[in-house]
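Protein sequences appear in the order of chains A and B.
When the count follows my numbering, it moves up by one through the first sequence with no breaks and lands on 313 for the last residue.
When the count follows my numbering, it moves up by one through the second sequence with no breaks and lands on 1313 for the last residue.
Everything labelled a hint here was simulated from the structure, so no lab data went into it.
Incorrect hints may appear among the rest.
[What the hints assert, rightly or not] Mimicking SDA-like on lysine to any residue, the simulated pairs with C-alpha atoms at most 20 Å apart in a straight line are:
| # | chain 1 | residue 1 | chain 2 | residue 2 |
| --- | --- | --- | --- | --- |
| 1 | A | 151 | B | 1248 |
| 2 | B | 1242 | B | 1253 |
| 3 | A | 242 | B | 1253 |
| 4 | B | 1242 | A | 248 |
| 5 | A | 151 | B | 1253 |
[What the hints assert, rightly or not] Each pair of labels, with its calculated beta carbon distance range:
| # | chain 1 | residue 1 | chain 2 | residue 2 | range |
| --- | --- | --- | --- | --- | --- |
| 6 | B | 1223 | A | 31 | 25 to 31 Å |
| 7 | A | 253 | B | 1031 | 54 to 60 Å |
| 8 | A | 236 | B | 1297 | 22 to 28 Å |
| 9 | A | 136 | B | 1223 | 29 to 35 Å |
| 10 | B | 1078 | A | 179 | 51 to 57 Å |
| 11 | A | 236 | B | 1253 | 32 to 38 Å |
| 12 | B | 1223 | A | 221 | 50 to 56 Å |
| 13 | A | 221 | B | 1136 | 31 to 37 Å |
| 14 | B | 1249 | A | 136 | 25 to 31 Å |
[What the hints assert, rightly or not] Non-contacting residues of chain B with respect to chain A, defined by C-beta distances greater than 10 Å in every case (computed):
| # | residue |
| --- | --- |
| 15 | 1049 |
| 16 | 1053 |
| 17 | 1254 |
Cβ atoms here follow ideal geometry from the backbone N, Cα and C, with glycine treated the same way.
Number of protein chains: 2
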Amino acid sequence: MYPLECVPNLSEGRRPEVIARLAAAASSDAETRLLDVSSDPDHNRTVLTLAGTPEGLHRSLLALYETALAEIDLTRHDGVHPRVGAVDVTPFVPLGDTPMEVAVAAAERLGQAVAERFGLPVYLYERAARVPERRRLAVIRRGQLEGFPAKLADPAWAPDFGPARVHPTAGVTVIGARFFLIAFNAVLDTADPEIARTIARQVRESSGGLPAVRALGFFLARRGRAQVSMNLVDYRQTSILKALDRVRREAEALGARVVETELIGLVPEEAMLGVAREALQLPELSWGRVLERTLGAARQGFKPLAIEEKTDP
Amino acid sequence: MYPLECVPNLSEGRRPEVIARLAAAASSDAETRLLDVSSDPDHNRTVLTLAGTPEGLHRSLLALYETALAEIDLTRHDGVHPRVGAVDVTPFVPLGDTPMEVAVAAAERLGQAVAERFGLPVYLYERAARVPERRRLAVIRRGQLEGFPAKLADPAWAPDFGPARVHPTAGVTVIGARFFLIAFNAVLDTADPEIARTIARQVRESSGGLPAVRALGFFLARRGRAQVSMNLVDYRQTSILKALDRVRREAEALGARVVETELIGLVPEEAMLGVAREALQLPELSWGRVLERTLGAARQGFKPLAIEEKTDP
Chain A
1 MYPLECVPNL SEGRRPEVIA RLAAAASSDA ETRLLDVSSD PDHNRTVLTL
51 AGTPEGLHRS LLALYETALA EIDLTRHDGV HPRVGAVDVT PFVPLGDTPM
101 EVAVAAAERL GQAVAERFGL PVYLYERAAR VPERRRLAVI RRGQLEGFPA
151 KLADPAWAPD FGPARVHPTA GVTVIGARFF LIAFNAVLDT ADPEIARTIA
201 RQVRESSGGL PAVRALGFFL ARRGRAQVSM NLVDYRQTSI LKALDRVRRE
251 AEALGARVVE TELIGLVPEE AMLGVAREAL QLPELSWGRV LERTLGAARQ
301 GFKPLAIEEK TDP
Chain B
1001 MYPLECVPNL SEGRRPEVIA RLAAAASSDA ETRLLDVSSD PDHNRTVLTL
1051 AGTPEGLHRS LLALYETALA EIDLTRHDGV HPRVGAVDVT PFVPLGDTPM
1101 EVAVAAAERL GQAVAERFGL PVYLYERAAR VPERRRLAVI RRGQLEGFPA
1151 KLADPAWAPD FGPARVHPTA GVTVIGARFF LIAFNAVLDT ADPEIARTIA
1201 RQVRESSGGL PAVRALGFFL ARRGRAQVSM NLVDYRQTSI LKALDRVRRE
1251 AEALGARVVE TELIGLVPEE AMLGVAREAL QLPELSWGRV LERTLGAARQ
1301 GFKPLAIEEK TDP
């Protein structure tokens, strides 16, 4: 098992050949694996999911920043998703038993190297934040790239690494460490972005909605549909299905309907099983109930299962 | 991967020490693995899930029949679930790429051995049936054990193996081969078995309901609740969630509600993922979206994923 996951978000979601070069750079080191590429042309954004060793990810990410700075001109970027950099945000996530400190150390090391090598202002966020106000990505990103020159005039917004001036084509970059996050979007049967924004406000924690849910409303011009875009930052507090059910209810109250959903990047298998558990009202559902899983365990050296009565005797 | 699964259904669901002896016998051969034990005291029935080689399963199942005949007296058995034998029904199921013929051959061989060794009348069903009317288990079991003496007076009901008379304590036994089946029960908030029976009639294929669904309604005295007990014989035709949603709607129309569900035995992982896919309106959901799965594939020799745009470019 690799110790770290890394999920760089890039401000390019339309040019397949550029996306391919970015993905290739991000997995150019032998100790890095590319697990997923999720691009959206309306967001004009690509999310890569990588796994690797701290060393391998460090080398691959430097290659990714180099490619992104050569390929992406943020002054010519348009897309519905807020962004402040060509490499907008790069979170490290501990996998398995890896302590959070390893992810924090990887973020700090990458931040320093990226600032030195490319002259990029670097902001450390979430668990890697050195300034409490920078824990929340939304706070750093408020006003987007266009708001940063004014922000940088305030010493409180001096970057954690690098110069206190926006890079001419790549903006700034936000690097950090956090727990696993599920990026999950609900597409509505309406083209009205106000409906999506209203639902997002009702669903997200910051305006009194569901715990550990962040949400924004967008209009997807290419699909002609509005979208509620969510980050579930702790699926044990609010599961994918609970978030979706709330979106469905709020949409219904506004005369709209969810037509489909999409995942950006990957989900932990426990979150997936949790969806089945909730949807089926089957609290006892575990991987022990899944044939292939149980067969796999049997092949590796079998221990008879405890005999459980399903009901009171 | 073992080539066969076998899912013996035993007419004992109340005495834990007897259930333990049955489970031990069923996995007594080194080439057999016990994957699951599901017992229900109201049904007074236990479902074992085994996997193994044809040889290993044959030896284990002979040990199981021997133990069941020593431990279970069907003349003293009561339970809500229909039954005709101490070992009521023993289906073999092909796993992986195993052809159905291997399961049919295992059923025939076991049927012959069980008849010779224990003097049990044996009926071959589903894909192992030699008489078309015996394909359906429900037809063989109609009238239950108590109806069998009269049935056996009719030459059309001569068993496939063994004597044309009911065993004094073990009844008859039904052995066969079939595809994977999902046994899934919905527990209602009512004690009225008529409501469960009405829902079962509306849901099952044989009375015009959902394809590949069999259903019965029961009253569970120990829980004081009615239950719709379903067999989904092809989850690709009717998924677990579709069957449950239909039960929920029919229950609602009768003023009742599903309070929880239960699985008997195991489900294929594809059926589990299908539940998440349907519940989330996420048609593109595949194992490639599951972190641990993707990491597992990466460890075993990684091939970069194809870059897919989630939407039209």
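To see whether the hints hold, each was checked on the structure:
1. This hinted pair does not check out: residue 151(A) and residue 1248(B) have alpha carbons roughly 55 Å apart, beyond 20 Å.
2. Distance hint between residue 1242(B) and residue 1253(B) is fulfilled; the C-alpha atoms sit about 17 Å from each other, no more than 20 Å.
3. Proposed proximity of residue 242(A) and residue 1253(B) is contradicted: the alpha carbons are some 25 Å apart, above 20 Å.
4. This hinted pair checks out: residue 1242(B) and residue 248(A) have alpha carbons roughly 19 Å apart, not beyond 20 Å.
5. As the CA atoms of residue 151(A) and residue 1253(B) are separated by approximately 60 Å, the hinted pair breaks the 20 Å bound.
6. Here the CB-CB span from residue 1223(B) to residue 31(A) is close to 54 Å, at odds with the stated 25 to 31 Å.
7. At roughly 59 Å, the beta carbons of residue 253(A) and residue 1031(B) sit within the given window of 54 to 60 Å.
8. Between residue 236(A) and residue 1297(B) the C-beta distance comes to about 25 Å, which sits within the given range of 22 to 28 Å.
9. In this structure the hint that residue 136(A) and residue 1223(B) lie 29 to 35 Å apart at CB is violated, the actual value being about 48 Å.
10. A hinted range of 51 to 57 Å for the beta carbons of residue 1078(B) and residue 179(A) is consistent with their spacing of about 52 Å.
11. As the Cβ distance of residue 236(A) to residue 1253(B) is approximately 35 Å, the hint placing it in 32 to 38 Å holds.
12. At roughly 54 Å, the beta carbons of residue 1223(B) and residue 221(A) sit within the given window of 50 to 56 Å.
13. The hint said 31 to 37 Å for the Cβ distance between residue 221(A) and residue 1136(B), and at roughly 55 Å that hint is violated.
14. Roughly 43 Å separates the CB atoms of residue 1249(B) and residue 136(A), a value that falls outside the hinted 25 to 31 Å.
15. Distance to chain A contradicts residue 1049(B) as a non-interface residue, since its nearest Cβ pair spans about 8 Å, not more than 10 Å.
16. Chain A leaves residue 1053(B) outside its interface by the beta-carbon criterion, the shortest separation being 13 Å against a cut-off of 10 Å.
17. Distance to chain A confirms residue 1254(B) as a non-interface residue, since its nearest Cβ pair spans about 18 Å, more than 10 Å.
When the structure is compared with the earlier hints, violations turn up for hints 1, 3, 5, 6, 9, 13, 14, 15 and for no others.
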